[in-house]
Amino acid sequence: MTQAPASSPEPTRSHRRKAQTRAALVRAAQSFLAQGQTNTPVLEITQAADVGIGSFYNHFESKDQLFEAAVEHVMDLLGAVLDELTTDVDDPAVAFATSFRLTGRFHRREPELSKVILHNALDLLGAQKGLTPRVRRDIVAGVESGRFTMADVDVAVVCAVGAATFLGQLIHAEPDRDDAETTDEATEAMLRMLGVSANEARAICRSPLPELHTAGLRGAVDEVTANGDAAR
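Okay, so the sequence shown: first residue is 5 according to the numbering used here, each after it adds one.
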């Protein structure tokens, strides 16, 4: 008889408390980042998170490390949502366009979380987690399948990440601008740059989109955080 695999142990009360503390610090950091307050003292961050300053150093070595974790947290959560919404899309061009179009709408729908990501715009290109690796993955899939004719993946990633970043800044700078129309125009231009014909790019960008549910991104506690760092 095959023995059933052992179930994962339930996190202890101590582990849950550590996870809650870390999540509170990350949420506080995201709030300060969204306001551009990067010079905020650690003490002020811990006060906003309602935790002791000693608890801060149980999770992070420095404020910069906390801010990095706060940005990665948002990018990973958004990336996971986009992956879920495109998992059944077989056409790499449609998958890329869907993620790009939804990201543009995210800037208007979740302005605070958007600003957390945009604050770190200069570091997005080299990020090993979050949106940039997903952009690269989708472009590579398009090139390998023949849907994209732009052979230099690095240049394509630079263009896509740069376009998504400046698109977000434009949407914030012009509150009356139609974010959906603007995003779809930018996506169409990206598809054409990658090698999709003008007519097909237009058709893809006028197709219906899945609903972008972002409520779970606000204040969400990453399972990796809860089961990893919290246990240390």
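Warning: the hint list may mix true and false statements.
Stated by the list, open to error - Below are the EDC-like pairs computed for lysine to aspartate or glutamate, each with C-alpha atoms no more than 16 Å apart in a straight line:
#1 K67 x E48
#2 K119 x E48
#3 K119 x E72
#4 K119 x E76
#5 K119 x D80
Source of the hints: derived by calculation from the structure; they are not laboratory data.
Hints violated by the structure (numbers, ascending)
The structure breaks only hint 2.
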